[in-house]
Each structure stands twice: as structure tokens, then as C-alpha cells.
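Add chain R to chain V, keeping to what the hints say.
Chains as they are written, first to last, in the numbering used here: chain V, 7 to 512; chain R, 172 to 268.
Don't read these hints as lab results, they were simulated from the structure. Idealized CB from N, CA, C, for every residue including glycine. Treat the hints with care, since some could be wrong.
[Unchecked claim] In the SDA-like style, the derived pairs of lysine to any residue whose C-alpha atoms are separated by at most 25 Å in a straight line are:
#1 R:259 <-> V:390
#2 R:259 <-> V:353
#3 V:390 <-> R:173
#4 V:390 <-> R:211
#5 V:337 <-> R:262
#6 V:337 <-> V:350
#7 V:337 <-> V:362
#8 V:337 <-> V:107
#9 V:390 <-> R:250
#10 V:390 <-> R:180
#11 V:337 <-> R:238
#12 V:390 <-> R:207
#13 V:337 <-> R:220
[Unchecked claim] Here are some chain V residues the structure puts well away from chain R; computed CB gaps all over 12 Å:
#14 248
#15 268
#16 355
Chain by chain, the residues:
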Amino acid sequence: MADRDLCYLALHEARALLDAGTVSSLALTEACLARIAAVDGTLHAFLTVTADLARAQAQASDARRATGQVLSPLDGIPMSLKDVLVTAGIRTTAGSRMLENFVPPYNGTVVQRLLDAGAVLLGKVNQDEFAMGSSTEHSAFGPTRNPWDPARVPGGSSGGSAAAVAAGLGYFSLGTDTGGSIRQPAALCGVAGLKPTYGRVSRSGVIAFASSLDQIGPLARSTRDVALVLQVIAGSDPLDSTAQPVPVDDYAAALTPDLRGVRVGIPREYGLGTLAGEVGTAVRAAIAQLESLGATLQEVTLPYSQYALAAYYIIAPAEASANLARYDGVKYGFRAAVTGSGADSAGVDLMSRTRGLGFGPEVKRRIMLGTYGLSSGYYDAYYKKAQQVRTLVAQDFSRAFAEVDLVVGPTSPTVAFRVGEVDDPLQMYLMDIYTIPANLAGICGISVPCGFAGDLPIGLQILGRPFGEATVLRAAHAYEQATAWHLRHPALPVLPSARLEPLQES
Amino acid sequence: MLTPEEVAHVARLARLDLAPDELATMRRQLSSVLEHIDQLNAVDTSAIPPTAQIFPLRDILRPDVSRPPYPAAAMLANAPAAADGCFKVPAVLDGEG
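In isolation and in its complexed conformation, chain R is listed as follows:
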């Protein structure tokens, strides 16, 4: 069983703000799934290479030709906030807000 501290640590790594009841549910559910996953320990993989890609692929190249970029306005159309042709975010440095 994962500890509450481990679950909170992983949530912080994943940048997920979870309410206390969500953390408790997550702890129970993740522990149950990890218990199932632990059956992998029954497999001897000492001589088995991990899969890096499923089919051997050669380098696939295309002509290095520039294409017109999307207009800035199209890229900003879905932004939660934009100003002066840029994405706008809250100030991250104190004193510059």
C-alpha cells in the first residue's frame, strides 16, 4: 500500500492539485492497480532487452523545405490569455506583477 506521503509526492511531481478526499481515493485505487502490476515480478527478464520501438524503423527524412508558419493570431486564438501577440501568464518573479 502506498503511503499518503508517497501519493502526495507523486501528485506534486505530476502538477496535479488533488483535494484530500481525492488523495485518499487515489491511494486506495493506485495501490490496487500496482498490486496487479506486481505480477510482472514473476517474469524472468534478466536477458530480455526492453522494447524501445515496436518495429525497426530507418530514419525517415523529408526535403528540408520551409513551409509558411501559422499566423500568430491563429496560434493565440485558443490561449486562455494573450496580449501584444504573446501568451499572457501571471508574473512568476516577485515585484514584476
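Okay, chain V solo, but in the shape it has when bound:
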């Protein structure tokens, strides 16, 4: 099998070849590393490639398999991790100059679970700085390119994860989703990406952005693969008291080829019947496909969803302004040079200069917005108001899910846009208009490929009840089985002008 074909296997197909003894983990790993070397100069999906570690982990996996001691369905499977997940002994930057040389002393819970399951780490992938953005243009280390058209963005903030999976650089990746940062890049890169329910996956060891919204989840080339990864990372954790002790379903067992008995809600407010352009056409066709698979369709109403974006841009920056207060130039990370002594020059100036130089423009904007919304005299008008609207957004979904099992619509209002095309912050924020309500309500949702506008992928978003991942995955899987969008792969042209050298592990 040619390397490109090996690299584009789905995770579950690669696993079957490993189980059959047709291919070794080392062969899969070498094929992925060779493909990274060949195409990542164009894409810049990886910030750090851990080639030596990957080979050692693959050889250890092959040795286990030779003695019949396979740890899990992920044993020997090459993966990448968003650089916001801390990895012991491996540089973890969160896409920021602030953490350019930060080497964590421990593994995040999900990282440890994947390593304990035998997965092979190819490296750490690019993202918007501290996961703030919708295009991966806000990485301090330069943008990632979309494999379908390197002149365009992969979406964000988990753009490195989505681009890596779409380009065949690993069989899955973990991203994080605070307002759409797994689902939107999955849509723009034509892969499957799941935001689990808030509390389904431990957040211990994810560099915090907005703690009441952040959630880690998988991106892969099929829904079955997403289910296999979720099975390993889901569940409670003594290190995260918000990771709930709700039993973890058998996600692979939930996958069925039909959707009989599943009630699908179409939000009236999305105006899907008249939504213009190829996104509207593709999503309408996808909904018809769900019906032909046995699902029943029903209109639902989410009257407060239109206010979700405004509420989010108070709540998320407020939490960010508190979480990012830790970057003060004292315990770890970047420190600006200051001269003189005394409380102002050594204290306030050290912090302010460190933060002024260490953070990029989008992170500064969010810290400013959050600080403003929490500041004396504005708290009730902004922060409290936003949390009240959050209650209404969540109640919308509670009412809808009393009538239906799933809510569907587009993941993103547009296909991938050009690098540099969206330069107004508010316009960039509006890219997450369909994904943000789920974060405010804490519910789960997936994006799966449902069509193309020319060569550019379109995503279908399927939202489910709290801890309803099994039903979401079931619908996404049934849709995939009836369609072939997820089987298309980019031709990946090489743009000489976009060539960038990936940072190699020293």
C-alpha cells in the first residue's frame, strides 16, 4: 500500500490492519512522519514533531502486540495533540510567545489516558493563541493552511488538529472547543469533530481559556473513529471536580446504520428553508438524508439563540481575563526585562510589560473585554446580564430536547475563507454564530462533512442532550454510511510561497 493510502486510512481501518498483522505501528508511524515532512512545510499544522518519541512508542506497541498484550483499540495508532494540552517533557506553547519555551512537568489527564491506551504521539499541533480565534491566524507562530486550499484558513482555534487529520497526518487529533473551536475547523477541513458535553471529559491539563465553557474532544476522518477516541478519554477524574461521574456509554455499540425512532429538530430561527448559497443547499440535503434514514423531522424554536454570541463575548473573555492573570512573568513563561526597583517598576511594570509583550492582539482584546465587563460599575450591566441570558439560551435547548432527540443545522455560516480576508474582530466572532449556543448550554455536538462548495468542505452540525453523545454519534455515523463526503481527501497542492519549516524537536 502506498504511503498516501496508508495515511488516509480511517483509524478503525488502521486498527483492523494492525490486528490482522498486515501492518505494524512503526510502519504507520513512519508513513505519517514521512507525510508530515512532505506536506507540513505548506500546511504548518505542527508546532513540534516528536519523531523519535513516536518511533519508540510505535516499537513498544508492536512489541506488546507480538505478545498478545494490546492495550486498547488505539494501541499503536499515531495521533496529534493541540498545543493547549500539557505534555510532560514536551514543549507546550498554547500558540503563545508567553509559553514559547514552556515544558510541562506532567501530562494532562486525557494525554495520560491516550498514552496508557498505547496511542503514538506524532507531535503538537497549531492553534489560535490560548484557543482564542476562528482561523488559526492568531497563533504566535504563524497560521496553519487549509489542506483543501492552502490560500485559505483551516478554521480555529483547533485548526492544526483539523488540518492534520484532513491531510492524513495522523489518524486522530484532540482539540478543545470553547465556542466552536473543534466543530468549526472540522467543518472547514472536511473531517468529523466532536465537542463533548461539559463535564464528559476531564479538563485537567488543558491550559485554561474559559473554564465554564472549555471542553476537550476528538477530530478524526470518521465518526466511528471519534467514538473510539471518546471512549478512552471520557469519564470522571479526581483532578477535575467538574468531570461528572455519569456512566460512560459504549459509543461504538451505539452506531447503527439507520435512524428509526430518532426525532430531529430543525430550529425555526436558522431560516434553513431559505438559507442561501451552497451551505444552505448542502444542509437541506443532509436533513432530507436523515429523514430517509428513518428519522422524523420536527420544527423547534430556540428564540434566545440570537443573543448567544453577545452573551458569550462577555462570559468567555471575563473568564479568560481571570484565567490568564497567572501569566505575570514570575513562575513560568516569558518575562520582560525591567530596570530599576521599587513596587511600581519591579511589580506593576514587570507584570504589565511581560503581558504587553507576551500576549498577541486577540488575547489582549479578550482580556480587555473581560476586564471591562467585570469592572466596578459595569458588572451588573454586562457580566450578570450575560449570565442571565445564558440561562435563557440553556432553557431553549431544554425545551427543544423535551420534544426531539437532536437539533441539526449548519456548523459554520461560510466555507473556509482566505488567510487575511476577515480582519475585523467582530466579523471573525460571527463565524461561530451556530456553534456558540451549545457551549453556553453545556450540551454536546458534532460536525460531519455534508457537501462541498467547489473544493471546499461544508459541515453539518448535530447537537444532542447533555451526555447524549451516543445518539449524536449514531446519527452522524448513519449519515456518513449513506454518503461519501467524508471519503474525499484533498489533492494538497504545494504553494512554494507558503513554505514554512516545521519546528523540529531538538
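Just chain R now, kept in the frame of chain V:
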């Protein structure tokens, strides 16, 4: 529109040293985003409790068993400056520099 003084005040609260051109850009961009956020005023929330946490959570406890701490050297490995097993910062009290 936020005033330049308001933007400078928030930057000081946030401990962000912003150059004059950054302050000007920030003023324009924050004002635009806040204008969008002001649509929340159209929602009657007088009887709506603010969300404190999205799902009702019971207290989640674990056994109160001590675990070995990380070695000081591991904790100091990422410090911008360290001395004698401590984080080192510039003197903040005059006369002790």
C-alpha cells in the same frame, strides 16, 4: 464609544502595557464589539436567575490522601529566574535591591 481614558484605565486594571497605537485600535475594536453586545438590553431578564453552573453538581469528594509533591527543581525548571530553590523577582521594596 469608549473614551481613551476608559481604555487606559481597563488596560491598567488588566496589567497590560499597551502602546499608544494599540490603545487607539483597542478603543475602536472594543467599542464595536460592545455595541454588538448591547443588544442584550433588548432581553427582559428581570425574573431570570444568572447561570452559576450549567449542570447541577453535587459535591464531588475524593479520599483525603496526600500525594508526593513535585520536586522543587521540576517546579522551578520553567521559571524566568530562580535562586536558592526559590522564584526570583526584582526587589519590590526600595532599598532592598
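Okay, the hints, checked on the actual structure:
{"no.": "1", "hint": "R:259 <-> V:390", "result": "violated, 39 Å"}
{"no.": "2", "hint": "R:259 <-> V:353", "result": "holds, 12 Å"}
{"no.": "3", "hint": "V:390 <-> R:173", "result": "holds, 20 Å"}
{"no.": "4", "hint": "V:390 <-> R:211", "result": "holds, 11 Å"}
{"no.": "5", "hint": "V:337 <-> R:262", "result": "holds, 15 Å"}
{"no.": "6", "hint": "V:337 <-> V:350", "result": "holds, 19 Å"}
{"no.": "7", "hint": "V:337 <-> V:362", "result": "holds, 17 Å"}
{"no.": "8", "hint": "V:337 <-> V:107", "result": "holds, 13 Å"}
{"no.": "9", "hint": "V:390 <-> R:250", "result": "violated, 37 Å"}
{"no.": "10", "hint": "V:390 <-> R:180", "result": "holds, 21 Å"}
{"no.": "11", "hint": "V:337 <-> R:238", "result": "holds, 22 Å"}
{"no.": "12", "hint": "V:390 <-> R:207", "result": "holds, 17 Å"}
{"no.": "13", "hint": "V:337 <-> R:220", "result": "violated, 38 Å"}
{"no.": "14", "hint": "248", "result": "violated, 7 Å"}
{"no.": "15", "hint": "268", "result": "holds, 23 Å"}
{"no.": "16", "hint": "355", "result": "violated, 8 Å"}
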